[in-house]
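**Student:** Protein sequences appear in the order of chains A and B.
Quick note on my numbering: the first sequence kicks off at 1 and runs consecutively.
Quick note on my numbering: the second sequence kicks off at 1 and runs consecutively.
Keep in mind the hints are simulated off the structure, nothing from the lab.
Just so it is clear, the structure is predicted and the values come from calculations on it, not from any experiment.
Check before you lean on any hint, since a few could be wrong.
[Claimed, not checked] So the derived list for chain B, only partly shown, Cβ under 8 Å to chain A, looks like this:
| no. | residue |
| --- | --- |
| 1 | Ile184 |
| 2 | Arg203 |
| 3 | Phe246 |
Cβ coordinates follow ideal geometry from the N, Cα and C atoms, glycine included.
2 protein chains.
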Amino acid sequence: MKGTKEHSVSDDELDSVYRFAIRVGRDAGQRLMGALHSRRRELREPDVPEQKMNAVDIVTKTDTDVEEFIHQSISQLYPDHDFIGEESYSKGQSKQYLVTDKPTWIVDPLDGTVNFTHAFPMFCVSIAFVVHQKPVIGVVFAPMLNQLFSACRGKGAWLNESTQLPLLGKSLGSLPKNAPGECIFSCEWGKDRRDNPSSNLHRKVDTFVNMASEPAGRRGLGGMVHGMRSLGSATLDLAYVAMGSFDLWWEGGCWEWDVAAGICLVQEAGGLVTTANPPNDWEDCQIEQAKLGGRLYLAVRPAFGAVDGSETGRQSQERAVREVWRRAVTLDYERPGLS
Amino acid sequence: MKGTKEHSVSDDELDSVYRFAIRVGRDAGQRLMGALHSRRRELREPDVPEQKMNAVDIVTKTDTDVEEFIHQSISQLYPDHDFIGEESYSKGQSKQYLVTDKPTWIVDPLDGTVNFTHAFPMFCVSIAFVVHQKPVIGVVFAPMLNQLFSACRGKGAWLNESTQLPLLGKSLGSLPKNAPGECIFSCEWGKDRRDNPSSNLHRKVDTFVNMASEPAGRRGLGGMVHGMRSLGSATLDLAYVAMGSFDLWWEGGCWEWDVAAGICLVQEAGGLVTTANPPNDWEDCQIEQAKLGGRLYLAVRPAFGAVDGSETGRQSQERAVREVWRRAVTLDYERPGLS
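The task is simple: from the sequences and hints, build the whole structure.
**Tutor:** Laid out in structure tokens, this is it:
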């Protein structure tokens, strides 16, 4: 790498990497659509059952093919960069956190795989470029929605390269005075479905019910959010937080390829990403950025100063964070190798 | 009305009504997008605060304007038809069920209002044409997704007038042998947020946790669904059931304008819509169509015969219905005036 500091990337370099990432993201998304279309064609011809693959095979093949396409595209142009892909990582045995300070691509070729197998539009390709553990470029393309989200350090976050996020701009204002009231709260049920009081399923459901209940309910913890949403894609949850459509997203269990690009989107749009689990001193602690591989995330949408000047956008975001922490049950997800 | 039977509508008439409904649906959807865009423009100019409206005002005005546009378009062409619109109905005091056997338009100018205020793409216009209490035409247009769903009695269900639903065709096959396992289960948290054991919130959450839990959990009621989804739009939930993207949708509390068009979509695509609440003899009762104004709905996606010939598509749907009923807590929604 050029640059005065080891591993630093200049703005000029970043600009060209950004254009490249968008191009690769679009191409990869088109390959996802191609896989979906060929599945429609293929499976409508019942005469060739020997060529059929089941949904799991199709996802595995699509995942592998698209990740390989992205990986090769990157290797050709940036042979010195590291690469961590969901598909190749998952084949390994280790769940160690492997991201170093080197310029690193973190890629999920297909986020929302269950949605993809069901042809539900909430799936996407997610490409992040990370330097010194910070996502500095994020590209998320949901081809069936025709929505491309992109962000680059210092350049803001964008929808389809033409509309700056958040979509409603300053009209979003601060977080509601009674947040999480009036908020759209996005959350996912996840894969841990054990039915015992200490399972993540029950910890999540307790939190969900706190967020949904009337204010007087749940021994005063009722959050009375305006809406509860579950899309089945962590990446798109974050994209819609960046867009300002979701006020809050709270989740545990994700891996870095699920969130790296989305975190860049949210931060460049003016949002905040911290940890899902309330610190011991949650009422007055400093609110720190989420660790990339920490598996615990709480995202808050972009915010602007209150009309009456009573607080800044950041202050309103931090207020909302503490109001979620107040109602959040600690989740139980581990991560070896993360300091 | 012409026709040999009172209130009957011939196939020719229906065809022309169908084309009209699609045109009006598209136009109405463009008006929703216009309202969204003008909000972006208007609210980015902080110099004119006196012209600002809050999100609730905007929705009310958009709702009213778009419903009036649809109502007038219908009245000009079909002055003899009845009209029931969400906005005009809600202004009345009565919650009586008002649909007669006459040809009747049932319209929700904006379903997913919370999504609309947050610029989250899952909002739509919903237009149904109902004869003898049966939805025979359904048009649902989600303009921010650019997805137009349409269906007409005997003509099937379509996406953007070009792709027949379900999207994956016969490859969908029957419902999974272990349904609700492997299924995407769609559900909504709704507006009843009372925190007591008999509230609809708690009845719903009990059902949700049954559906999500590992099979051995919940005293054997664990459904281990593949995914839980909540979009915040009953109409789009039904559209995605028709598309085959959601296998199951279970909900109470909707009104006829939330579901009339969607029911037509699901039925024309080959799906099934019955009641959310398990009958007393749920294990072997005949499975009846949901009542239009019954406020309780369980929808199952289109299905085809099992590859091994062991059951028809309908049989697999009915099996799935009973497996949801087994796990569903009875919901408490009333409807005066419905026989």
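**Student:** Evaluate each hint against the coordinates.
**Tutor:** Status of each hint after checking the structure:
At about 5 Å, the closest approach between the beta carbon of B:Ile184 and any beta carbon in chain A falls short of 8 Å, and the interface hint on this residue holds. Interface restraint check for B:Arg203: the shortest CB-CB distance to chain A comes to about 12 Å, outside 8 Å, so the restraint is violated. Checking B:Phe246 against chain A: minimum C-beta separation of about 7 Å stays under 8 Å; hint holds.
When held up to the earlier numbered hints, the structure conflicts with hint 2 and nothing else.
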